[in-house]
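Sequence order for the protein chains is A and B. Using the numbering used here, you'd call the opening residue of the first sequence number 120 and step up by one each time. Using the numbering used here, you'd call the opening residue of the second sequence number 3 and step up by one each time.
Treat the hints as calculated values from the structure; they're not laboratory data. As the structure is a computational prediction, the values presented were derived from the model and not from experiment. Don't take each hint at face value.
[Said to hold, decoys possible] Here are the simulated lysine to aspartate or glutamate pairs, DMTMM-like style, with alpha carbons at most 20 Å apart: (1) LYS231/A with GLU336/A; (2) LYS231/A with GLU156/B; (3) LYS231/A with ASP382/A; (4) LYS231/A with GLU148/B.
[As the list claims (entries may be wrong)] Here chain A is said to cover these stretches of chain B; the calculated rule only asks that three of the stretch's residues, wherever they fall, bring their Cβ under 8 Å from a Cβ of chain A: (5) 41-47; (6) 119-125.
Using N, Cα and C, we set each Cβ at its ideal position, and we do this for glycine too.
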Amino acid sequence: MNTTLLLVQALNGLQFGVLLFLVAAGLTLVFGVMDFINLAHGVQYMVGAYLGATLAAMTGSFWLGLVLALPAALAFGLLLEWLVFRHLYARDHLSQVLATFGVILFLNQGVKAVFGAAPLQMPVPEALSGGVRIMEGLLYPTYRLAILAAGLLTAGLLWFLVERTRAGMLVRAGASNAPMLGALGVDVNRLFMLVFGFGAMLAGFAGVMAAPILSVEPGMGDNLLILAFVVIVIGGIGSVRGAFIAALLVGLVETIGRAMLPDLMRLFLDPSAARQTGAALASMLVYVVMAVILAVRPAGLFPVRR
Amino acid sequence: MRWRDVILPLLIFAALALAPFVGFGQGHSLTLLARAMIFGMAAISLSLLVGGAGLISLGHAALLGIGAYAVVVLDHARVTDALLVVPIAVAAAALFALLTGAVAIRTSGVHFIMITLAFGQMAFFTASSLALYGGDDGYTLYGRLELGGSRLLEDRLFFHFACLALLAGTWLLVEALLRSRFGRVLRAARENEMRARAVGFAPYPFRLASYVIAGAIAGLAGVMLANSAEFVAPAYLTWQRSGDLLFMVILGGLAGPHGALMGALAFVLIEEWLSHLTEHWRLIFGPLLVLCVFFMRDGIAGLLRRG
Numbered sequence: 120m121n122t123t124l125l126l127v128q129a130l131n132g133l134q135f136g137v138l139l140f141l142v143a144a145g146l147t148l149v150f151g152v153m154d155f156i157n158l159a160h161g162v163q164y165m166v167g168a169y170l171g172a173t174l175a176a177m178t179g180s181f182w183l184g185l186v187l188a189l190p191a192a193l194a195f196g197l198l199l200e201w202l203v204f205r206h207l208y209a210r211d212h213l214s215q216v217l218a219t220f221g222v223i224l225f226l227n228q229g230v231k232a233v234f235g236a237a238p239l240q241m242p243v244p245e246a247l248s249g250g251v252r253i254m255e256g257l258l259y260p261t262y263r264l265a266i267l268a269a270g271l272l273t274a275g276l277l278w279f280l281v282e283r284t285r286a287g288m289l290v291r292a293g294a295s296n297a298p299m300l301g302a303l304g305v306d307v308n309r310l311f312m313l314v315f316g317f318g319a320m321l322a323g324f325a326g327v328m329a330a331p332i333l334s335v336e337p338g339m340g341d342n343l344l345i346l347a348f349v350v351i352v353i354g355g356i357g358s359v360r361g362a363f364i365a366a367l368l369v370g371l372v373e374t375i376g377r378a379m380l381p382d383l384m385r386l387f388l389d390p391s392a393a394r395q396t397g398a399a400l401a402s403m404l405v406y407v408v409m410a411v412i413l414a415v416r417p418a419g420l421f422p423v424r425r
Numbered sequence: 003m004r005w006r007d008v009i010l011p012l013l014i015f016a017a018l019a020l021a022p023f024v025g026f027g028q029g030h031s032l033t034l035l036a037r038a039m040i041f042g043m044a045a046i047s048l049s050l051l052v053g054g055a056g057l058i059s060l061g062h063a064a065l066l067g068i069g070a071y072a073v074v075v076l077d078h079a080r081v082t083d084a085l086l087v088v089p090i091a092v093a094a095a096a097l098f099a100l101l102t103g104a105v106a107i108r109t110s111g112v113h114f115i116m117i118t119l120a121f122g123q124m125a126f127f128t129a130s131s132l133a134l135y136g137g138d139d140g141y142t143l144y145g146r147l148e149l150g151g152s153r154l155l156e157d158r159l160f161f162h163f164a165c166l167a168l169l170a171g172t173w174l175l176v177e178a179l180l181r182s183r184f185g186r187v188l189r190a191a192r193e194n195e196m197r198a199r200a201v202g203f204a205p206y207p208f209r210l211a212s213y214v215i216a217g218a219i220a221g222l223a224g225v226m227l228a229n230s231a232e233f234v235a236p237a238y239l240t241w242q243r244s245g246d247l248l249f250m251v252i253l254g255g256l257a258g259p260h261g262a263l264m265g266a267l268a269f270v271l272i273e274e275w276l277s278h279l280t281e282h283w284r285l286i287f288g289p290l291l292v293l294c295v296f297f298m299r300d301g302i303a304g305l306l307r308r309g
């Protein structure tokens, strides 16, 4: 494990981290503002990837696909909200977990029925193909750098929206006391719907961007969802800033752990066993980090004051 | 007296006992019924947590899987006597429940859901890393457990009644627990933790005890599941499986262990029926789950009570 490899893994980790952040941001806002556990948030990411891949194939252009997929993901999120989720805001967490679990079953099977079980391919856009020389002997794919840049940009934009605009102020007010906000004359249900649609669009955006480098397949959102939950729990539920830092942390731990642990295990085990054990330990590492952080700070790194 | 809560399970047990002799005696039907009864045990143990203690665990499948993997590890070491395997498997699941529960029960609400999910994922990844036991592909057992040297469990009918006896025993145990002082403390702490504390009951040890008991029962169900399929895979431990178990509990209703019992039986039978109708049966199953949450708040038990 030399510096070059470590740098590549760190970049991969950060890039995975910003994707995670885009999914976790919607999740943490929806949970923070509406006290609503949405297990189906991961399928928004999957739906985004499918929309992007399909629309890009239809129009023949990555960019048109991306631009069209965003409003489509937003519309899809609003449709789900109208059909299912808004009937669950007043229910307990158990009902929310179960009903959104049902939505996952339906949508995972739905894309399998429509697109088949085989992964879909989405080409990397022409302008972003190729690589960038970061240092001597290290060519890093431009597209991956673009994901990192787009993710950081979106995070900055989100920070601005939440901290510096009136809509963001209402969201923060809703997170700390929704009934009071309603009493002051704000249409809380409309605010909920907006936050929900926005979160769905962010997850869809992450899905479109991930589509060219990951395989677009049914159930692709499930594992990401669990990691996004880990992120919002580590970051402090409801905190966008916490989600950002936790997402980068989880992305780095997951990616670097995956790259390094198999090598580390080789010191104790034979190569094939080392690879498998190392990969499993790397998958567990994130949860260990979460357990340790929660043991020290039960409300996460940046708890939202209520 | 809630006589229905007792009569209903007894009727179900009687029907299950008669089933092999009234046209459900073929291999396929018996395998299906065994699966239903095994998940019934697991669901009843989860209902002790969800309905009794108010602990919503999204990692219950891990405990089932640990019981199943204990069978695998011992099978690989050629230890196949039930009298040895069952206690070890149950103890392993109970130990895992004790260690993870000790941490998880310090949290509450959504954090508890997430932490049990995280521990479940840890167990899942551990299982998929066990290269010696097939890793992701799973492990095929040499055969079912022996009972004091005899291969009785290979006999379909005997296995059917073994499952039935364990299911009935589980129901009886959980029902008795919930009716006891222990169960009343659990429910009191669920309804109002502050008041429970005020009258002198710290909920923590009671909740942890219920978590360990539920884990032990789930481990036992895992042993039976491994023996029923003669195959164990990490897929037993996925969080989706934990979601299925929660659905069984809610489908049946939270009024008591009889709800989970009916929920598990209904779940397995509906799943079987739908998967015969269409390959894409989850397209029906998912919305069904949503509709159950919307309109059947008290589950099947609630419907029967009203009817």
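Run the distance test for LYS231/A versus GLU156/B: straight-line Cα separation, threshold 20 Å.
Not OK: LYS231/A and GLU156/B at ~38 Å, beyond 20 Å, violated.
Between LYS231/A and ASP382/A, does the CA-CA distance stay at or below 20 Å?
violated, 37 Å
Quick one, are LYS231/A and GLU336/A close enough, alpha carbons at most 20 Å?
Roughly 8 Å separates the two Cα atoms, so the pair holds.
Per the coverage rule (Cβ-Cβ under 8 Å, at least three residues), is the stretch 41-47 of chain B covered by chain A?
With 0 residues close enough to chain A, the hint is violated.
Pairwise hint evaluation, GLU148/B against LYS231/A, where the allowed Cα distance is 20 Å at most
violated, 42 Å
Within 8 Å of chain A (C-beta), three or more residues of the stretch 119-125 of chain B
Holds, because 5 residues of the stretch 119-125 of chain B bring their Cβ atoms closer than 8 Å to Cβ atoms of chain A.
Violated hints for the displayed structure, listed by number in ascending order: 2, 3, 4 and 5.
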